[in-house]
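Protein chains: 2
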Amino acid sequence: MTIEEFRKHGHETVDWIADYYSTIEKLPVKSRVQPGEIFSQIPDSPPDKAEAYSTILEDLNTKIIPGMTHWQHPNFHAYFPGNSSFPSLLGEMVTSALAAQCMVWDTSPAAAELEEKMMLWLKQMMNLPKSWHGVIQDTASTGTLVALLSARENTSRHDINLNGFGERKFRVYCSSQTHSSIDKAVKIAGIGISNLVKIDTDQNLAMDVKHLKQSIMKDIDQGFTPCAVVSTLGTTGTMAMDPVPEIAEVCREFGIWHHVDAAYVGSAFLLPEYQHYTKGFETVDSYLFNPHKWMFTNFDCSAYFVRDRDCLIKTFEILPEYLKTRSRGKVNDYRDWGIQLGRRFRALKLWFVIRDFGVSGLQSKMRQHIGFSEWIEDKINDHSDFEMVVPRIMNMVVFRYCPGNIDPDHYDKLNEQLLDRINQSGSAYLTHTKVSGNYVIRLVTAQTYLEWKHVENVWKVIVEESEKIL
Amino acid sequence: MTIEEFRKHGHETVDWIADYYSTIEKLPVKSRVQPGEIFSQIPDSPPDKAEAYSTILEDLNTKIIPGMTHWQHPNFHAYFPGNSSFPSLLGEMVTSALAAQCMVWDTSPAAAELEEKMMLWLKQMMNLPKSWHGVIQDTASTGTLVALLSARENTSRHDINLNGFGERKFRVYCSSQTHSSIDKAVKIAGIGISNLVKIDTDQNLAMDVKHLKQSIMKDIDQGFTPCAVVSTLGTTGTMAMDPVPEIAEVCREFGIWHHVDAAYVGSAFLLPEYQHYTKGFETVDSYLFNPHKWMFTNFDCSAYFVRDRDCLIKTFEILPEYLKTRSRGKVNDYRDWGIQLGRRFRALKLWFVIRDFGVSGLQSKMRQHIGFSEWIEDKINDHSDFEMVVPRIMNMVVFRYCPGNIDPDHYDKLNEQLLDRINQSGSAYLTHTKVSGNYVIRLVTAQTYLEWKHVENVWKVIVEESEKIL
Chain A
1 MTIEEFRKHG HETVDWIADY YSTIEKLPVK SRVQPGEIFS QIPDSPPDKA
51 EAYSTILEDL NTKIIPGMTH WQHPNFHAYF PGNSSFPSLL GEMVTSALAA
101 QCMVWDTSPA AAELEEKMML WLKQMMNLPK SWHGVIQDTA STGTLVALLS
151 ARENTSRHDI NLNGFGERKF RVYCSSQTHS SIDKAVKIAG IGISNLVKID
201 TDQNLAMDVK HLKQSIMKDI DQGFTPCAVV STLGTTGTMA MDPVPEIAEV
251 CREFGIWHHV DAAYVGSAFL LPEYQHYTKG FETVDSYLFN PHKWMFTNFD
301 CSAYFVRDRD CLIKTFEILP EYLKTRSRGK VNDYRDWGIQ LGRRFRALKL
351 WFVIRDFGVS GLQSKMRQHI GFSEWIEDKI NDHSDFEMVV PRIMNMVVFR
401 YCPGNIDPDH YDKLNEQLLD RINQSGSAYL THTKVSGNYV IRLVTAQTYL
451 EWKHVENVWK VIVEESEKIL
Chain B
1 MTIEEFRKHG HETVDWIADY YSTIEKLPVK SRVQPGEIFS QIPDSPPDKA
51 EAYSTILEDL NTKIIPGMTH WQHPNFHAYF PGNSSFPSLL GEMVTSALAA
101 QCMVWDTSPA AAELEEKMML WLKQMMNLPK SWHGVIQDTA STGTLVALLS
151 ARENTSRHDI NLNGFGERKF RVYCSSQTHS SIDKAVKIAG IGISNLVKID
201 TDQNLAMDVK HLKQSIMKDI DQGFTPCAVV STLGTTGTMA MDPVPEIAEV
251 CREFGIWHHV DAAYVGSAFL LPEYQHYTKG FETVDSYLFN PHKWMFTNFD
301 CSAYFVRDRD CLIKTFEILP EYLKTRSRGK VNDYRDWGIQ LGRRFRALKL
351 WFVIRDFGVS GLQSKMRQHI GFSEWIEDKI NDHSDFEMVV PRIMNMVVFR
401 YCPGNIDPDH YDKLNEQLLD RINQSGSAYL THTKVSGNYV IRLVTAQTYL
451 EWKHVENVWK VIVEESEKIL
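Chains A and B, in that order, are what the protein sequence lines are. Its first residue numbered 1, the first sequence is counted upward by one per residue in the numbering used here. Its first residue numbered 1, the second sequence is counted upward by one per residue in the numbering used here.
One or more hints might be untrue.
If chains are identical, the list can't say which one is meant, so a pair holds when it fits in one copy or spans any two.
[Stated by the list, open to error] Below, computed lysine-lysine pairings styled on DSSO-like, alpha-carbon distance capped at 27 angstroms:
hint	residue 1	residue 2
1	K314	K63
2	K213	K330
3	K365	K130
4	K413	K324
5	K130	K49
6	K198	K379
7	K460	K8
8	K218	K26
9	K210	K365
10	K330	K434
11	K26	K413
12	K279	K365
Note that these hints are calculated values from the structure, not bench results. Just so it is clear, the structure is predicted and the values come from calculations on it, not from any experiment.
Kindly generate the complete structure, drawing on both the sequences and the hints.
This is how it looks when you write it as structure tokens:
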């Protein structure tokens, strides 16, 4: 493909993308294909000769699109979203074109310095502690692992890095509602999942600080070394908020690393009315949130902040001959700030998004999203056959179908059926969780291009499908 | 930004990209900016109001581009390349537009199934063992870590995942020429860098298998448990090739996990004339190579293969309520095949690249690249003031400037000066390594759009700059 052929096909692809977004509402949100259906349509062998781009685009339409769950469909209310936006898309196009390896400053100075500046912007926009140092990780899974490894090395004074675990018995604490990425990180870090202590939660599903303190003291008595506490702001199941200031107090008392995971909800700290949640952040050791969840920035983009930059770097630093550069020590070489050596120029899409929306544009979209959930909450409360399972926090509602004429023992099965019907309808995609052992439905209103008509539509679908069950 | 505004700006951005590639040769390959120069040009605060896209694009040109090192410049011969290509770029555009989270099959069936098929294509194209299972990781750093974690769990029968390290003393082996990502992975996995045994190399800088075996036996005697051996095909410094079949034999004898890192050179196994390097792969436990290095596929895209899929999955599996899906067990849920839960739809760009080039198109480009290095090797051998430091392997030459009238004690300084002059000239970008303690220059001819004129140019620059030193 020559440059001019690329220009032509690039224009075709931009049109393909614009058309995709123009017609996305006609597509079923959740793919209806069966296992193996797509696989069997792709030839078993690669072509020996070059194929025309028109053929590839045609196959994209006929073979791939039917197998996609459309994460950018306005009625995608499942999990947490992986938000894209048009300026973010344009930023990613430029990143792909520059295709720079941003491992060290020397290999792409602008990428390193724009990343540093964007992290300052985010701190300012969200009123995060000025003393924090920011870096972009790919995902919250990676950021969580980076946090636990830093905690591990901080606790062992970097001796595990050097000599391995030895006979240390570390313990990590999080609530029973915490995201599975903590479990995974504890495994990877060699701490062992049986040393991840799941702390009880209160009636709001937030961490019970008294139980945390008891657990820590008991562990110390039994010869364990507390290594880290992970607080969550906005749990995946129900958006529960752990009491960060109180947890911070306990961590300070016992000298334990405190990581705060605000993967989804952190974007909301753009709104002054939610910044009270950042109380206690001054003594937090590490913190992350994902602009790719609710700040309209393409996956992957996880903003990670630490108080002690030197500890972070010492945890990951390596310096082989072929990576020595003259600028070392004067600049940020971000390959030492995380797991991967190779890094994409992710700061660029953040820059595009923040400038294209403006801070006030981001804020008003988020406030609109919260208003959507508020409206659905009202509908649920007004409907005798539905109930809110936990109080709404921001733009997520957790509810269940509970018709009075049915034995409550059947509610789990009923809600599973309802969820299945909604998702099979193609009109919306929601997911479930369990609260106090009950099967319940979660609905997030956070899609970049979500409008009132879509919100009204999803409520209509929920009610209609519930009426069809009985 | 509305859809129609996106369409307009998308076309502008495609033109920007095409123009960038049309004029890239006029830009200095390595950025000439000083630390802080870009940072100071970006406002300290984010804009409150939305900005026009034309302003953003203008700032891209005036503020970012001067600070970029142009990895896609044909005369980028540094490190290993991070190759892009036009079909790959188009694939990335579509991936960004779909913006699907490919964590489990349910959230994007087509992504999971295309990934499975692409891994089959790669196995077929490169004559890799049919029994292997493939998955796309982001980088070789991640793939290496995944391999060592799998080895760790395999050795401990998944007890470390569960209970932590305990008193185990594991050892990992690699040659002294191995990439720093192994050091990093050994630290992260909790094994400790003092337990990474660097095996001597022979005159070709390949692992000395006799020394490997001695080290393993000595460690066993001293109470250590050998956990993994990492072989490298194509070391970063000099493209040295470890003797995989002999190492595989040792690993089999002692029951040790054998990981093969062919991050750069693996792409060359597309060429039947290099497939003899895959001898011994049948008993290899894990293997990776990066299509983003020399297979014209945008970073990030690392192809990772394992023999024992169950061990891989058992190492990373987690199953919280909100991630339970009906299809589980019938499909590949790739979030259990690596570290991150969130995953981009990376298979798409591979599909675009392989189809647009065709296998024969990929092969002929690679053969051309090897021919370029062959030509430079001849030039070096024909020039009395230069010498090849190690025999050329494929498309990398490692050489130094060694004028007869200068005391060899000054060669290190001289080559450092020469490299600096070449890179400062803006005409080419090369990097260095050390061989037997000597400072030497590496030159890779692997850029997607590298042509004869660029190859002649880099040799001209090398000679001219060398003549200016004295």
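Evaluation of the provided hints:
Within a single copy, K314 and K63 get their C-alpha atoms no closer than 47 angstroms, and across copies no closer than 32 angstroms, so neither meets the 27 angstroms cut-off. In this assembly of identical chains, the alpha carbons of K213 and K330 never lie at most 27 angstroms apart, being 42 angstroms within a copy and 43 angstroms across copies at closest. Proximity of K365 and K130 under a CA criterion of 27 angstroms is satisfied intra-copy only: 26 angstroms inside one chain copy versus 50 angstroms between copies. For a Cα distance limit of 27 angstroms, the shortest separation of K413 from K324 across copies, 15 angstroms, qualifies, whereas the shortest one inside one copy, 60 angstroms, does not.
Within a single copy, K130 and K49 get their C-alpha atoms only as close as 56 angstroms, which misses the 27 angstroms cut-off; across copies the closest is 23 angstroms, which meets it. With identical chains, the CA atoms of K198 and K379 are never at most 27 angstroms apart, being 35 angstroms at best within one copy and 66 angstroms at best between copies. In this homomeric assembly, K460 and K8 never come within 27 angstroms of each other (Cα to Cα): the closest approach is 43 angstroms inside a single copy and 35 angstroms across copies. In this homomeric assembly, K218 and K26 never come within 27 angstroms of each other (Cα to Cα): the closest approach is 57 angstroms inside a single copy and 67 angstroms across copies.
For the homomeric pair K210 and K365, neither the shortest alpha-carbon distance inside one copy (38 angstroms) nor that between copies (65 angstroms) is at most 27 angstroms. Only between protomers do K330 and K434 lie at most 27 angstroms apart by alpha-carbon distance; the minimum there is 24 angstroms, versus 50 angstroms within a single protomer. Taking identical chains as interchangeable, the C-alpha atoms of K26 and K413 are never at most 27 angstroms apart, the minima being 30 angstroms within one chain and 66 angstroms between chains. In the homo-oligomer, the alpha carbons of K279 and K365 lie at most 27 angstroms apart inside one protomer (24 angstroms), although the nearest pairing across protomers, at 57 angstroms, exceeds that limit.
In summary, the numbered hints that this structure violates are 1, 2, 6, 7, 8, 9 and 11.
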